[in-house]
Every structure is written in structure tokens, then in C-alpha cells.
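From first to last, the protein sequence lines stand for chains A and B. For the first sequence, the numbering used here gives the first residue as 1, with consecutive numbering after it. For the second sequence, the numbering used here gives the first residue as 1, with consecutive numbering after it.
In short, the hints are calculated from the structure, not lab data. Where is the CB? At the ideal position from N, CA and C, for every residue including glycine. Check the hints yourself; a few may be wrong.
Claimed, not checked - Listed next, the in silico BS3-like pairs over lysine-lysine satisfying Cα-Cα at most 27 Å (straight line): (1) A/129 with B/75; (2) B/65 with A/240; (3) B/65 with A/13; (4) B/65 with A/141; (5) B/78 with A/206; (6) A/13 with B/206; (7) A/75 with B/206; (8) A/206 with B/206; (9) B/129 with A/245.
Stated by the list, open to error - Residues of chain B clear of chain A, computed beta-carbon distances all greater than 12 Å: (10) 4; (11) 17; (12) 38; (13) 52; (14) 57; (15) 78; (16) 120; (17) 170; (18) 177; (19) 190; (20) 245.
Number of protein chains: 2
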Amino acid sequence: MLTFIGLGLYDEKDITLKGLEAIRDADVVYAEFYTSPLGGKTVEKLEELYGRRVSILERRDIEEKAEEGFLKLAKSQKVVLLSGGDAMIATTHVDLRLRAIEMGIETRIIHAPSISSAVAGLSGLQSYKFGKSATVTPPYKGVISEVPYDTITANKERGLHTLLYLDISMCINEALRLLELVEEKRKGEVLKKSVIVGIARAGSDKPVVKADYLDALKSYEFGALPHVIVIPGELHFLEKEALVKIARAPEGI
Amino acid sequence: MLTFIGLGLYDEKDITLKGLEAIRDADVVYAEFYTSPLGGKTVEKLEELYGRRVSILERRDIEEKAEEGFLKLAKSQKVVLLSGGDAMIATTHVDLRLRAIEMGIETRIIHAPSISSAVAGLSGLQSYKFGKSATVTPPYKGVISEVPYDTITANKERGLHTLLYLDISMCINEALRLLELVEEKRKGEVLKKSVIVGIARAGSDKPVVKADYLDALKSYEFGALPHVIVIPGELHFLEKEALVKIARAPEGI
Chain A
1 MLTFIGLGLY
11 DEKDITLKGL
21 EAIRDADVVY
31 AEFYTSPLGG
41 KTVEKLEELY
51 GRRVSILERR
61 DIEEKAEEGF
71 LKLAKSQKVV
81 LLSGGDAMIA
91 TTHVDLRLRA
101 IEMGIETRII
111 HAPSISSAVA
121 GLSGLQSYKF
131 GKSATVTPPY
141 KGVISEVPYD
151 TITANKERGL
161 HTLLYLDISM
171 CINEALRLLE
181 LVEEKRKGEV
191 LKKSVIVGIA
201 RAGSDKPVVK
211 ADYLDALKSY
221 EFGALPHVIV
231 IPGELHFLEK
241 EALVKIARAP
251 EGI
Chain B
1 MLTFIGLGLY
11 DEKDITLKGL
21 EAIRDADVVY
31 AEFYTSPLGG
41 KTVEKLEELY
51 GRRVSILERR
61 DIEEKAEEGF
71 LKLAKSQKVV
81 LLSGGDAMIA
91 TTHVDLRLRA
101 IEMGIETRII
111 HAPSISSAVA
121 GLSGLQSYKF
131 GKSATVTPPY
141 KGVISEVPYD
151 TITANKERGL
161 HTLLYLDISM
171 CINEALRLLE
181 LVEEKRKGEV
191 LKKSVIVGIA
201 RAGSDKPVVK
211 ADYLDALKSY
221 EFGALPHVIV
231 IPGELHFLEK
241 EALVKIARAP
251 EGI
């Protein structure tokens, strides 16, 4: 049996009671930390709170060597795989699950809080009005991906909000600079005209949620990672009020 | 202090350790069950596991009488409000939070697993490719809402998946019949041509995830509520494989 367990948003206490029970009931406990940011977690804190030894898997342990490694084990033992956020969101987990099924291994998911729903609660923006999301990545060989900018534009045309995930080590300020370079190249004004929401350390005791226009936000100090960005689409009056009162957006947005 | 705590997807064990700690540390514990389905929860089970008395709030306690009721209490005491799924997703909670802030009450959110991310893991569909979502509601004075159908169509045009929430007491079969009536009226064929995914009891030990075409799915027996539906957009080959292997979709979709 292979059980995928989400660790949730930020620290070792963001797992569910169901997830903790499954860890304590498992024969072997693995975790991977390359598909989502660590936040306030460390292996030591997980091990201490959960009362189990946790072995860390690297990318190649999962993507190349799993059949000879922990998947083999999962044929006869109760194996759990911990990862940040909700479980089975990363493509690599879906691929892994299919390979496990191929080997006749029973699989199961224990869900956890995800940034994709947390951003709605934290900002006061309506969850059902989020369109497609995208990830801002560092330039590759000097080329900046324009996918996030296109996603924002397409969502804005339909009045929808956009959640932008940031590369695992990227901060809001850096992501905004990259988006602005794309806007300048396109001679666009979607970002320039939009209020933007930055969210740092969702799920922690001290999340920062700050809404402002691009020029002000790109030098705002959000503190430690992880960070995400939301570009709102059309705003209902209650959403405007929430951005002003919860995210300290300028009055009159 | 008013803390919004999500109860997660299905039963009393889908809350996080952080959520449980906040309940045990609270002066008063409230819950409301009108914004999301009960699933496998009962007040008795919550009270037993959490070791606290839980008082149920009705819609009017929150929407009309809160200022004279529990919000007044939250000015001087630690009050928590439990609700299903992730916290602060329902509009009524955003409104309540703004009213609390207006009264000078500090507010906080403790997140929980949400159906909006769980559907991706359960079906193997890529989370970032979900567009706007919609809710299928019972006919009102004989009129069927066409919003869900329009949302599906608009998402399909961009190749995106659509998550359809169902009214709190509605099953997949009933929702599909309503959607089919709209399609017939429009002389459309978006649904007829699409593989559709039905998901029952997400977060439970025995979730049902079944993909098929409309004609087969509308008589499929999904068992107890809650139910949701996903209408996939364009499918990547890994998503197709997942729908076949995980959701038992017909080969060759």
C-alpha cells in the first residue's frame, strides 16, 4: 500500500489528524521536499512531532529509481510518502501513482490544506472566480517565460482572478519584476492598471497579505518565503472591501 | 479573537493538528453546517474527538444576529468558528470577518483540505488547468440556471477543466440531468462529446471517482453524498492515462 499524505501549507502542524494516524500506522515513512517549498518545516520537527523516522527522497529516487526502491517495498508493506501542500498535486506524483498501480500496489490519498484554496480565504477574493493558474519561473538561458503574463491577460478578459505560484526560491518582488519586463516588451498595461495581492507564509501564524498597485508592491518587504501572487480580475463590492480591510489595499480601488 | 477553522473534506479527522490545538485553547467553540455538506461528520463525533462542547449556529445567527451574539463574545474571549472544507471560502464568512474587523476584533484563519484541490489529486487532472468553477442548483420556480453550462463552455473553449459544486443535497445523477436539459435547450453538444468525472465522498476512506460519457454516467450509482463533478477540458496524455487507470474511464478517450 502506498499512501500519499499532504503536509499542508506551512509547518509540521498543518497535517490532518487522519494524516498523522496513517504515519503512525505505517511501516516506512518517506518525504520529498523538491516539489513544494519547505516553509516552517524541518525533517527534525516532523520526526519529533510524528514520532517516526522520516527518510528524504530526492527527485531521482522518485522519478528514476522508485521501482527498485520504495515502490518495491510498497508491494508488501505500508509505505507513506509525505509532501508539502495537498497530496498528488505535482505531476510527478500522478506519474508515480500510475506506476504504482501498474505494479499492482494499492494507492490512497490523504488530503491537506492547499495554497490554491487558502489564497481565497486569506485575501477575501471569491474562490469560484479564479481562472487558470500559472507559475513564474526564473529566466532560462536569458529568456523570460511569457506564459504567466498570457494567463493573467486571458483571465482578465473573462473578469477572473489569477493565482501565480512562484518558483520554489523566488520572492514576490522578483516575480513582479519579471512580469513587468514582459509587459514592457508587449507594450501592455494589464499589470500597470491592476491592483495586485502578494501573500507570504500562508498557513503560518503571521501570514502577510498586502494589496497595492505594481509600483508600490514591487518594493514592499514581504519577509521570508514561501510567496505567491494573486492578480484579481473584476471585483465584486465585497471583494473590494475585503482587499481594503484585510489586505490594506488603497481606498477607492 | 475570532478564529475561522476549516474542518476539511469529510469527517472529524480531516482537521489539522493546528486546528485541533486552537479548538482546545479556545474559550467557546461554534460550528456552522449550512455552507457545506456534513459528509461523515456529526456534532457528537466532533465533540468526542476534540474534547469540547460545540454549539451549532444557524444561518440567521451568523448573518443577522452575530453582533449581539458570538461576535460580542469575541471582543474579549477566544472564539472559534468551525465550518466544512477550507475556512473562509463561503461569502458569508468573508462578510462575517469584515464585520468582526469593523468591531475591532482580531481575526485568524486555520486552513483545511478543500474539495477545490482534492479533485485534482483524486482524478489525476492537473490542478493549474482548472478554470472558473460553478455550482449546480435545483431549479428555482421551474427555471434551471444556465450558469454552470456557460462556465463549462467558456472553459472548454480555452481547454480548461471545470469543477462543478453541487447544491448541498444534490447527487451527480440529478446534476447531470439538469445540465443535459440545458444542453438540449441550447442544441449544444459540449457535454455529449465530453468524458465527465463524478467524485463522491472525497476525503473519506472510500471515495468513488468514476469517469465516463454522459449517457453512462447519469445512471451510475455513486452512493452517499457529498458529490462533485469535473468536466475535463483538453487532456494531456498523462491525464488521459490517469482517467483510465484511476477513474476507470473507457479506453481511447
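Comparing the hints with the structure gives:
{"no.": "1", "hint": "A/129 with B/75", "verdict": "violated, 32 Å"}
{"no.": "2", "hint": "B/65 with A/240", "verdict": "holds, 24 Å"}
{"no.": "3", "hint": "B/65 with A/13", "verdict": "violated, 34 Å"}
{"no.": "4", "hint": "B/65 with A/141", "verdict": "violated, 59 Å"}
{"no.": "5", "hint": "B/78 with A/206", "verdict": "holds, 17 Å"}
{"no.": "6", "hint": "A/13 with B/206", "verdict": "holds, 25 Å"}
{"no.": "7", "hint": "A/75 with B/206", "verdict": "holds, 20 Å"}
{"no.": "8", "hint": "A/206 with B/206", "verdict": "violated, 36 Å"}
{"no.": "9", "hint": "B/129 with A/245", "verdict": "violated, 31 Å"}
{"no.": "10", "hint": "4", "verdict": "violated, 7 Å"}
{"no.": "11", "hint": "17", "verdict": "violated, 4 Å"}
{"no.": "12", "hint": "38", "verdict": "holds, 17 Å"}
{"no.": "13", "hint": "52", "verdict": "holds, 15 Å"}
{"no.": "14", "hint": "57", "verdict": "holds, 18 Å"}
{"no.": "15", "hint": "78", "verdict": "holds, 14 Å"}
{"no.": "16", "hint": "120", "verdict": "violated, 6 Å"}
{"no.": "17", "hint": "170", "verdict": "holds, 16 Å"}
{"no.": "18", "hint": "177", "verdict": "holds, 22 Å"}
{"no.": "19", "hint": "190", "verdict": "holds, 17 Å"}
{"no.": "20", "hint": "245", "verdict": "violated, 5 Å"}
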